[in-house]
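Trainee: Given chain X, work out where chain F should sit, using these hints.
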Amino acid sequence: MTIDSATVLSAQKLSKAVDGPDGRLTILDDVTLAVERGASLAIVGASGSGKTTLLGLLAGLDRPTAGAVTMAGQRLDTLDEEARARLRRRLVGFVFQSFHLLPALSAEENVMLPLELEGRDDARQRAQAVLGDVGLAKRLHHYPHQLSGGEQQRVALARAFVHGPELLFADEPTGNLDQRTGAAVTDLLFALNREHATTLVLVTHDPKLAARCARTVHMRDGRLAEAAA
Amino acid sequence: MKPFAFAARSLRREFRHGELATLGAALVLAVAALAAVGTLASRVESAILASASELLGGDLGVAARRAAVPEPFVEQARADNLATNRIVEFSSVVFAGDASQFTEIRAVDPAFPLRGTLNVRDADGGERTAPAPASGEVYADRAVLVGLGRRVGERLQIGGRDLAIAGEIVNAPGGSVFQFAPTVLMSLADAESAGLLGPGSRASYRLLVAGDAAAVERYAGWARAHLPPATRLTTVEDAQQNLRTAFERGESFLRLAALLAALLAGIAVALAAQRFARRKTEEVALLRCLGASRGEIVLALTLELALLAIPACLIGAALGLGLQQAAFAFARELLPGSTPALPWGPAASAFVIGLAVLFGFALPPLLRLRDVEPMRVFRRDLETRIRRFDALYLLPFAVGAVLILVESGSGRLAGVLGGGLLGVAAATLAVTVLLLKALRVGGRRLPGALRFGLANLVRRRALTLIQVGALALSLTALDLLAVVGPSLLERWRADLPADTPNYFVLNVQPDQRADFQTRLAGLGAQNLSLLPLAAGKLVAINGKPPQAADFTDERAGNWIEGEVRVSWSAEVPPSNRIVQGTWHGGGGDTPQLSVDQSWFEMFKLALGDTMTLRIGEQEITATVSSVREVDWDSFRVNFFMMLDPAHGAALPHSFIASFHLPPAQTGLAALSREMPNISLVDINAILDRVRDIIERVSSAVTWVLGFSLVAGLLVLLAALAATADERRFEIALLRTLGANNGQLNAAVLGEFAALGLLAGVVAAAGAAATGIALARTVFRLPDYWPPLGTLGLIAIGSTILVMLAGLAGTRRIARTPPVTVLRGAS
Numbered sequence: 014m015t016i017d018s019a020t021v022l023s024a025q026k027l028s029k030a031v032d033g034p035d036g037r038l039t040i041l042d043d044v045t046l047a048v049e050r051g052a053s054l055a056i057v058g059a060s061g062s063g064k065t066t067l068l069g070l071l072a073g074l075d076r077p078t079a080g081a082v083t084m085a086g087q088r089l090d091t092l093d094e095e096a097r098a099r100l101r102r103r104l105v106g107f108v109f110q111s112f113h114l115l116p117a118l119s120a121e122e123n124v125m126l127p128l129e130l131e132g133r134d135d136a137r138q139r140a141q142a143v144l145g146d147v148g149l150a151k152r153l154h155h156y157p158h159q160l161s162g163g164e165q166q167r168v169a170l171a172r173a174f175v176h177g178p179e180l181l182f183a184d185e186p187t188g189n190l191d192q193r194t195g196a197a198v199t200d201l202l203f204a205l206n207r208e209h210a211t212t213l214v215l216v217t218h219d220p221k222l223a224a225r226c227a228r229t230v231h232m233r234d235g236r237l238a239e240a241a242a
Numbered sequence: 017m018k019p020f021a022f023a024a025r026s027l028r029r030e031f032r033h034g035e036l037a038t039l040g041a042a043l044v045l046a047v048a049a050l051a052a053v054g055t056l057a058s059r060v061e062s063a064i065l066a067s068a069s070e071l072l073g074g075d076l077g078v079a080a081r082r083a084a085v086p087e088p089f090v091e092q093a094r095a096d097n098l099a100t101n102r103i104v105e106f107s108s109v110v111f112a113g114d115a116s117q118f119t120e121i122r123a124v125d126p127a128f129p130l131r132g133t134l135n136v137r138d139a140d141g142g143e144r145t146a147p148a149p150a151s152g153e154v155y156a157d158r159a160v161l162v163g164l165g166r167r168v169g170e171r172l173q174i175g176g177r178d179l180a181i182a183g184e185i186v187n188a189p190g191g192s193v194f195q196f197a198p199t200v201l202m203s204l205a206d207a208e209s210a211g212l213l214g215p216g217s218r219a220s221y222r223l224l225v226a227g228d229a230a231a232v233e234r235y236a237g238w239a240r241a242h243l244p245p246a247t248r249l250t251t252v253e254d255a256q257q258n259l260r261t262a263f264e265r266g267e268s269f270l271r272l273a274a275l276l277a278a279l280l281a282g283i284a285v286a287l288a289a290q291r292f293a294r295r296k297t298e299e300v301a302l303l304r305c306l307g308a309s310r311g312e313i314v315l316a317l318t319l320e321l322a323l324l325a326i327p328a329c330l331i332g333a334a335l336g337l338g339l340q341q342a343a344f345a346f347a348r349e350l351l352p353g354s355t356p357a358l359p360w361g362p363a364a365s366a367f368v369i370g371l372a373v374l375f376g377f378a379l380p381p382l383l384r385l386r387d388v389e390p391m392r393v394f395r396r397d398l399e400t401r402i403r404r405f406d407a408l409y410l411l412p413f414a415v416g417a418v419l420i421l422v423e424s425g426s427g428r429l430a431g432v433l434g435g436g437l438l439g440v441a442a443a444t445l446a447v448t449v450l451l452l453k454a455l456r457v458g459g460r461r462l463p464g465a466l467r468f469g470l471a472n473l474v475r476r477r478a479l480t481l482i483q484v485g486a487l488a489l490s491l492t493a494l495d496l497l498a499v500v501g502p503s504l505l506e507r508w509r510a511d512l513p514a515d516t517p518n519y520f521v522l523n524v525q526p527d528q529r530a531d532f533q534t535r536l537a538g539l540g541a542q543n544l545s546l547l548p549l550a551a552g553k554l555v556a557i558n559g560k561p562p563q564a565a566d567f568t569d570e571r572a573g574n575w576i577e578g579e580v581r582v583s584w585s586a587e588v589p590p591s592n593r594i595v596q597g598t599w600h601g602g603g604g605d606t607p608q609l610s611v612d613q614s615w616f617e618m619f620k621l622a623l624g625d626t627m628t629l630r631i632g633e634q635e636i637t638a639t640v641s642s643v644r645e646v647d648w649d650s651f652r653v654n655f656f657m658m659l660d661p662a663h664g665a666a667l668p669h670s671f672i673a674s675f676h677l678p679p680a681q682t683g684l685a686a687l688s689r690e691m692p693n694i695s696l697v698d699i700n701a702i703l704d705r706v707r708d709i710i711e712r713v714s715s716a717v718t719w720v721l722g723f724s725l726v727a728g729l730l731v732l733l734a735a736l737a738a739t740a741d742e743r744r745f746e747i748a749l750l751r752t753l754g755a756n757n758g759q760l761n762a763a764v765l766g767e768f769a770a771l772g773l774l775a776g777v778v779a780a781a782g783a784a785a786t787g788i789a790l791a792r793t794v795f796r797l798p799d800y801w802p803p804l805g806t807l808g809l810i811a812i813g814s815t816i817l818v819m820l821a822g823l824a825g826t827r828r829i830a831r832t833p834p835v836t837v838l839r840g841a842s
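Which chain is which? The protein sequence lines are X and F, in order.
For the first sequence, the numbering used here assigns the number 14 to the initial residue and increments by one for each residue that follows.
For the second sequence, the numbering used here assigns the number 17 to the initial residue and increments by one for each residue that follows.
Just chain X, same shape as in the assembly (with noise of 0.2 Å):
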């Protein structure tokens, strides 16, 4: 497979083998994908198929057993954890099924962080700002505890969105919210991919939302088996 200009992130041959008490365990195995410029890609499959797995390695949070990683033309495998850390503040976005939120900081606080991490001056501001797009302009000071599951994984979005990742990794963002909250907080989601023109790498087992991505990947015992758009 070639990598065209387009590409912002690719994986080749990827798998990844943990050493469990019945010996080893392969959990992903030989995985090439390919995901172009704000493109939004959705890795469907059972609970245990190894889409978690995928989208960790993917994010450059973990490290292959086997294969390579490519983000922004950067190989992952040539990076250490350090400069995988790098960047990732600079590209990376995520959103996780459980929202994590810090418990001890306010929703402004929360957004906040990512700006923080790279030294920036004007995070207070732009996290004002990001959380009144997503509707909580009036919720800054609340904590965590203090606000609804929607609020949380909207803050979390705010969070994953204020730096302008050029990716954004998403792990199941709707699976802890009723369906009618889900569907808000989806909606939410894209419209920001697309006015941040982000990359969208989503992990769901929920077919509706896979389906408003423009590409579905199915993960079945590890391996990948693509599906029609």
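Treat the hints loosely; a few may be bogus.
What the hints assert, rightly or not - EDC-like, lysine to aspartate or glutamate: derived pairs with alpha carbons at most 20 Å apart: (1) F:Lys18 / X:Glu49; (2) X:Lys26 / X:Glu49; (3) F:Lys560 / F:Glu579; (4) F:Lys18 / X:Glu121; (5) X:Lys26 / X:Asp42; (6) F:Lys553 / F:Glu579; (7) F:Lys620 / F:Asp566; (8) F:Lys18 / X:Glu131; (9) F:Lys18 / X:Glu95; (10) F:Lys620 / F:Glu645; (11) X:Lys26 / X:Asp234; (12) F:Lys18 / X:Asp134; (13) X:Lys151 / X:Glu164; (14) F:Lys553 / F:Glu577; (15) X:Lys221 / X:Asp191.
What the hints assert, rightly or not - Just so you have them, the derived chain X footprint on chain F, three or more residues with Cβ under 8 Å: (16) 18 to 31; (17) 294 to 303; (18) 306 to 312.
Calculated directly from the structure, the hints in this document are not laboratory data.
A virtual CB, placed ideally from N, CA and C, is assigned to each residue, including glycine.
Mentor: Relative to the frame of chain X, chain F by itself:
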């Protein structure tokens, strides 16, 4: 990322949210306890030392035999800005008309006394503080005035000089307690001009110095390096053997209390730090995910800790100083002498120790956080791989060891306490592992809620071990403070029971012995020991005349050149214990000798060696057949050398007696008049002095112990409340699943009862063992036995306390709606 700004912001946010408040509070409390106890102990100690200085008559003495203390010692003292006082002591007969009296003369220069006050009684009976005797004047003990039949204002003669009696001595600093002749205090110039200090006078010379503590320390260093033979330094600490033991024990008690407070503080901080690190794990994983580097995370965490620690330690130190000031105001009247200045050292060291303990205990788990996998944000179950050995974890142990060593100021105290605590830690580990194994196997048979509570212990194995360990160590410290310390003090007080001998009688002749004993019995004397006494010279050891230069201990020279006394008895005297060899009993064919342990070491003897004594015209060569440990604090008649009676009885001798009679017993004066040759020594004053010191020190120590105890309890409760938080999630889950209050309580109580009982029992056993070891090695109270019943009760009490604290901690959580907890934890 700007680590400093980031750390400051994190600190502010987390503090506001209460996240860091527990750690901050533990630190403030710990440093406050440490600063308060340390400062109080130091002030009490300096008050005691000041009182000891008064006994010595100065801060440091240089003593020489036969010749004056060399001039350079005086010049150096002046160069160091120290005040000096020369004293010469010798025995002489004093005359008044036809009467004569054997006395101990102390000739002093006008600087006397450098420390303490000289009090005399005038002819009219009024007491006053007096300066050193002027030329042409003396002060004399009452016994001298009675012996000579003179009053204050009349005259006496010493060495041909006619001197005015200017006062009766009430209190003169720097005297020896057990001198067997009454004292006359005269001017040094008079003694010199009367030719009393010529060759062969057998005088002993002392130079006393006093001044700034640092200057005295410096001078002591210089003097030690320049001491000629037959000269030695006498410090405040060895001013008086009996009092010294009292001082040393008092000091050890204070240090023990301060050390235990420090230990409790360390445990509290360690628990809070551990918890802080655990809570940070999720956050670090997220930050890693968002692209923070390892270096940035470590730097930010360290900075955050420093930003928390420095103000907390400052507040703690200030609070501690305030607390000790309040305690000192209460304890003030119990202390002898003037008010010692507020020392800053202990508060400063509490500050440093606070930082050291925090970083020592908190850094290892925090630094380990840099290894948290960013993938943990997706997989909560992704535990950071635990390395089997991590050198970082040695840091808290090193901090603990240094803490114990520095605070104890004594290797022996540090060793016993360190060993005891290590033993407690090891025993706790072993017993807990066994309990967890048993629970895993047998836990299934327990009823529901209780099973859940105990299963938690098994599930959180590492945390359980840490918590039981910390709990056992804190309870050991509390047991030592609450039970062992006071009972040791009680045992110390009992060292001088009411019937402690308060009179000594010398020079009872063999033909007076039976009559004397009958008369004493008639007066109601108790605790009588009557032993023969023969005085002479030590002329040979293993056939060779001993030389002072052969022995490193300079006291050996005193005995070689001076008089030695020997006694004999068929039974081992009370307050003596055979530590080597066999007691000679009635005696055999050849003379047998039992030697005091300190002599045995001083003269480098071995069992089977011979010692030759010349007593009057006779010489006796005896084989050393046993070594005794003598309790010199018992105020009984005791001897360095004891012969077998079969051979001793043949030597020229008199008898010496010690006994107890209520003071102001008039019959004794009559006895003294009827047997004019006997000398009666009244030691009620010194006994009162020792009792006074014991009382004052133990009252002050009770204060310090009590203070440490309260601080320790607070620390323990805070730590327990914090561990209750760990159960947040389980309790919410149980509630969600429909558990009622009773079931929740059963789960929590079961878990905490197991923790408390285990820790309480191990702690009681550990405290008892440590107490026995402390009594034997540090406090020299060999027959001390800790009150096991009380310790057992405390173990039960602490179990209940732990259960209640656990219940109180979880109650708050149980009141929170479970959905809040579950949502927060998800």
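Trainee: Each hint: holds or not?
Mentor: A quick look at each hint next to the structure:
no.	hint	in the structure
1	F:Lys18 / X:Glu49	violated (34 Å)
2	X:Lys26 / X:Glu49	holds (18 Å)
3	F:Lys560 / F:Glu579	holds (18 Å)
4	F:Lys18 / X:Glu121	holds (19 Å)
5	X:Lys26 / X:Asp42	holds (8 Å)
6	F:Lys553 / F:Glu579	holds (5 Å)
7	F:Lys620 / F:Asp566	holds (10 Å)
8	F:Lys18 / X:Glu131	holds (8 Å)
9	F:Lys18 / X:Glu95	holds (16 Å)
10	F:Lys620 / F:Glu645	holds (16 Å)
11	X:Lys26 / X:Asp234	holds (15 Å)
12	F:Lys18 / X:Asp134	holds (10 Å)
13	X:Lys151 / X:Glu164	holds (11 Å)
14	F:Lys553 / F:Glu577	holds (8 Å)
15	X:Lys221 / X:Asp191	holds (14 Å)
16	18 to 31	holds (count 6)
17	294 to 303	holds (count 4)
18	306 to 312	holds (count 7)
When each numbered hint is compared with the structure, a violation occurs for hint 1 only.
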